[in-house]
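Asks: Residues per chain, in single letters:
Protein chains: 2
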Amino acid sequence: MDGLPQRVSIREVGLRDGLQNEAPLPTEAKVRLLEALASTGVPRIELTAFVSPRAVPAMADAAAMAAAAGTFRDDGPEFSALVASPGGARRAVDAGITTVEYVVSASDGHSRANVKATTDEALARTSGVADIVHGAGGRLEVIIATAWDCPFDGPTDPDRTVRVAAGALALGADSLAVADTIGTATPGRVTALISRIRVELSPSAAQPITLGAHFHNTRGAGLACAWAAVQAGVTQLDAAVGGFGGCPFAPGASGNIATEELVYLLDDSGIATGIDLEAALAAAALVEEIVGRPGASNLLRAGDRKRGRTPVSTDLNTIASDAAS
Amino acid sequence: MDGLPQRVSIREVGLRDGLQNEAPLPTEAKVRLLEALASTGVPRIELTAFVSPRAVPAMADAAAMAAAAGTFRDDGPEFSALVASPGGARRAVDAGITTVEYVVSASDGHSRANVKATTDEALARTSGVADIVHGAGGRLEVIIATAWDCPFDGPTDPDRTVRVAAGALALGADSLAVADTIGTATPGRVTALISRIRVELSPSAAQPITLGAHFHNTRGAGLACAWAAVQAGVTQLDAAVGGFGGCPFAPGASGNIATEELVYLLDDSGIATGIDLEAALAAAALVEEIVGRPGASNLLRAGDRKRGRTPVSTDLNTIASDAAS
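Residue numbers (UniProt numbering), protein chains in the order written: chain V, 1 to 325; chain A, 1 to 325.
Among the hints, erroneous ones may be present.
So, partial list: chain V residues that the calculated Cβ filter (under 10 Å) puts toward chain A [unchecked claim]: (1) T191; (2) I271; (3) G274; (4) S297.
Hint data in this document are derived by calculation from the structure and do not stem from the laboratory. In this text, all values refer to a predicted model and were calculated from it rather than measured experimentally. Note that the Cβ used here is the ideal one computed from N, Cα and C, for glycine as well.
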């Protein structure tokens, strides 16, 4: 498997992206989930979003989640929070968060709907966000939303995505991630965009840029996109426990790629994640219990081959004998 | 996208693998589905299986399905049927089927459960099957089941899979496909096995062997495996309309990779399938109606980006404004 990394760092986004469209859950339940997630060995956990509690009631307890994260040991996961403005960044650092994600949409349509500003206006705010985060001794990642497609503007011109990526680095981002916000990307276009960003923005071929990626499984291609991204040089991937993140008003529509499925896929392909799959499956079962409905994890239904959770029935695939016929 | 094929030929296996574990449906309903599938432009359709009607009641109408296929125009799809013995092959050609798939499991455990014979015994029957099929002017594909993992024996030694593939060719197979029978494969192992078969069994580097592959999405990795297979040189893929093929006794467990999701993924990645996606989505809706329950197609829930079926709500992924905060 030439060219593949030995290790991929997964960021668990279930507490934020997985739950942001759900009815608000008690903070106590989310802290229980946080503890289950931390016990899986996942290296990074996105805790919450410091955004308008009117727009996203499910994230209204952001400061409480940050406080809960503060009780973990120093050798635990790295905690982060998402913001959409300098004001959000201020509240995040005031709550003790030092790893901050600031979102800039590569398409004007989504940017306007999301933060009432064009892409360029939102991008220009990066330096203000960076000042706040760096002033608190923190680290800033810019997540480029609608990197492939926009629900309003259609396909995003790759030139725009590359320009936003370059601009974010120039304005203070310490790292970048590209997001398939509406779950329409496919591996061919993932390879093309990631490869282009890597070529154009790496300091040199010997010093490739560290790039993260964020996929939704809305049309079934999420894990295929994640695999294509890893092949193209991505070493940081977002995923949500249980595959939550789907719109709760569209039953059956799946959301983020499921953390446990990504762990299974990478580990079995020889790429280490540091995550215990059995603990990840337990966390997926817990989030279903807390939310009160099934998520979108096929693996949780089927079980892990290696640990004997495969159902005894093999009816699923048996060809059936006609040797006697 | 160097090295990728311009075209991939999809074989629709929904009428066989998709329905074989369901309660038997009226032949009339299956013929309606067959007509819907043929109208999508899919180049190949697996109609049925000539196996024991006691073991697989859902396929008891195999001859009737073959007769229905006989009414299609000559420029329509290529129809095939699956068999598990020379006796099945005889019944298939007697029913007018000229493209036959014979299954050999690469693992003894699955082979015994499936056809009451070891791998070597089942493989040896290939020549008898080939004689019958070739005697009728037909074409024989050997599908190697449990090519990666066996539900009884665990991981299949790649040496075994390669040996079965070579044996099948020597005994009269006109083409080969490898099947991830229990949906446990991952892209890293797909790349490894496909690459090895291509290297060891191609007549020469300039004349690569034509190889098919068959994946299940049981653990979420089906489309990622399909993509890895295409990258490794596979140009023929099986898929089932609506993602059926899951065990009906394990709700939520998904089955074959969904045809419409594979079409979306390949077309959007620049690889032609010749299949009309809108017609494929209509066929997926029809199979759900006929079977009477939802399948496992995320795309059917979410809609195709290009044809404006994306739900109006963008709540799914919106980050939500805190510009005012």
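Asks: With reference to the structure, classify each hint as holding or not holding.
Replies: Status of the hints after comparison with the structure:
Residue-level restraint check for T191 (chain V) holds (minimum Cβ-Cβ distance to chain A is 7 Å; threshold 10 Å). Satisfaction of the interface hint for I271 (chain V) is found here, the shortest Cβ-Cβ separation to chain A being roughly 7 Å, below the 10 Å cut-off. Against a cut-off of 10 Å between C-beta atoms, the interface hint on G274 (chain V) is violated, since the closest Cβ of chain A lies about 17 Å away. Given hint, S297 (chain V) at the interface with chain A, holds; its Cβ is 7 Å from that chain's nearest Cβ, closer than 10 Å.
The structure fails hint 3 only (numbered hints given earlier).
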